[in-house]
Amino acid sequence: MALITRLSRLFQADFHAVLDRIEEPDIQLKQAIREMQIELQQNEQRLALLQHEAEQLSNLASDCKNKIVAFDEELDICFAAKKEDLARDLIKRKLETTRQFESTERQIATIHSSTKKLESGIEEYRDQLENMNQKLELLVTDIDSHPLSGHFSSVGAGVRAEDIEIAFLREKQLRSPS
Numbered sequence: 095m096a097l098i099t100r101l102s103r104l105f106q107a108d109f110h111a112v113l114d115r116i117e118e119p120d121i122q123l124k125q126a127i128r129e130m131q132i133e134l135q136q137n138e139q140r141l142a143l144l145q146h147e148a149e150q151l152s153n154l155a156s157d158c159k160n161k162i163v164a165f166d167e168e169l170d171i172c173f174a175a176k177k178e179d180l181a182r183d184l185i186k187r188k189l190e191t192t193r194q195f196e197s198t199e200r201q202i203a204t205i206h207s208s209t210k211k212l213e214s215g216i217e218e219y220r221d222q223l224e225n226m227n228q229k230l231e232l233l234v235t236d237i238d239s240h241p242l243s244g245h246f247s248s249v250g251a252g253v254r255a256e257d258i259e260i261a262f263l264r265e266k267q268l269r270s271p272s
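Residues in the sequence shown are numbered from 95 upward in steps of one, following this note's numbering.
Just so you know, these hints were derived from the structure itself, not from any lab.
Keep in mind that the hints are not guaranteed to be accurate.
As the list claims (entries may be wrong) - Simulated crosslink set (DSSO-like; lysine-lysine; CA at most 30 Å straight-line):
hint, residue 1, residue 2
1, K124, K159
2, K161, K176
3, K176, K188
4, K176, K159
5, K186, K176
It should be emphasised that the depicted structure is a prediction, and the values quoted were computed from it without experimental measurement.
Whole structure, please, built from the sequences with the hints as guidance.
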């Protein structure tokens, strides 16, 4: 089964290679540029979402920090008043908030790491897109300066009117009944 799959992929790749040679390269390049632009936009949207999520998590971490400070102040008051039952409840809430804070900080670190990778990937993708645009400009300029160079370059090249007339007479002679 794996052999059939590999052969199928090989034939498909060869077929695509033949089609690529037949089709006009400028159209393929334009399509590749469009696909790259779409991919770049999607990556920029992902980056914006990650940045928004990091901002929300930072706000949550800040809230957790403030709650922990408030719990410490309340614990001081509880211990001063010798209210150990109330202090235990506050310690439980403080521990939960501390764990939430630590989890949030880990998430923020992960998002910052992902953001940096995505930013560098976007920058590389922009460079590649710029290269593709330059290649397209060169290709379009080349096609414009040589309109028939890439298309039918050997057809009609060097054919004189006399050659056409001689070939016409030969064809006519071959087809006429003698």
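Verify the proposed pairing of K176 with K188, using a straight-line Cα cut of 30 Å. holds, 18 Å
Would you mind confirming whether the straight-line C-alpha gap from K186 to K176 stays at or under 30 Å? holds, 17 Å
Given hint K159 paired with K124 - CA-CA distance at most 30 Å: Violated: K124 and K159 sit about 52 Å apart, past 30 Å.
Are K161 and K176 close enough, with their CA atoms no more than 30 Å apart? holds, 22 Å
Verify the proposed pairing of K176 with K159, using a straight-line Cα cut of 30 Å. The given pair, whose Cα atoms are some 25 Å apart, holds under the 30 Å limit.
Hint violations for this structure: number 1 only, all remaining hints satisfied.
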